[in-house]
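Chemist: Sequence:
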Amino acid sequence: MELTDLRIVVTIQQEGSITKAAEKLGYVQSNLTMRIRKLETELGVQLFHRDRKGVSPTEKGTLLCNYATDIIQMADETIAAVKEPEYPCGSLSIGVVETIASTPAFIRALSEFQKKYPDVSLTLSTGTSPQNYQKVLSGDLDGVFLTGEYDFSSLKVAYEFEEEVFLLTGGQTKERNVFSDFKNTAWVVFPEGCPLRKANKSWLQDDGISFDNTIEVSSLDTMLSCVRAGIGNTLLTESVVDQKDKQIQFYPVPEQFRFVTSRLVTRKSPFLSKAFTAFADCFAEADKNEMYKQGEKLHAN
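Just so we're aligned, residue 1 is where the sequence shown starts under the working numbering, counting upward by one.
The hints are all genuine.
The list that follows gives simulated cross-link-like pairs (lysine-lysine, DSSO-like), each with its CA atoms no further than 27 Å apart:
{"id": "1", "residue 1": "K183", "residue 2": "K198"}
{"id": "2", "residue 1": "K183", "residue 2": "K246"}
{"id": "3", "residue 1": "K156", "residue 2": "K268"}
If you're looking for bench data, these hints aren't it; they were derived computationally from the structure.
Keep in mind that this is a model prediction, so the values were computed, not measured.
Model the full structure from these sequences, guided by the hints.
Modeler: Dropping the structure here:
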């Protein structure tokens, strides 16, 4: 059994089709079929069920895929560690949620990272925290930003930070009506899995109000446009919105929903790429600088 065989088995499981797996790996389908049959003969077990709909792993096939995934990941990390130069370079893929991608700290970190490490090819992938979580566990992304609570047992937290949450309404909303008219209020929310959406729902339910009148959007710009137009309210972190925006009003939320925690994470591994470490350092420095600036503003006021 070779490492290539393990890659073939895992890819077939992921694709659910030998044809699709062959296309993805650059093989002729007949060669892939022959290698699987040879591997089944070598192991003395059937690895896949075959029917008109495609292929699916048997119990033994699933067991092999689980071990193979870990072996492939370790092999790839070992090769990368041996080949890595003494300075950050190569490729780096980072998953980020839009509420972080729009912050001054993130933009500053990108700028500094690009200046300091021009030999790193950085790829940014925008997605929800649940999507990012699955992609970093599977190895599709080198690191991700997660907002909210997850099982971090298989992950290394490179940086953790808190952000304050505010209720945002349209600029023409009368303050006395903001909290008294929640039953008739529409709420602009991100897709399921967003911790701010979860906090929004819990807040209303604590007050005995259903969370049915929602408008789900996938972009921050759309969300803010809806709020400015008075279409609905939302909960957002302070750093993504300009508090000088006269079309939006800001209000505090109950203490139990006042803060949300975000983290920059990567998979736990003996090998941590210099590119990821450098990116984490740039973001940590940028975030601390932004916090210092905010503190200076509060002190001045």
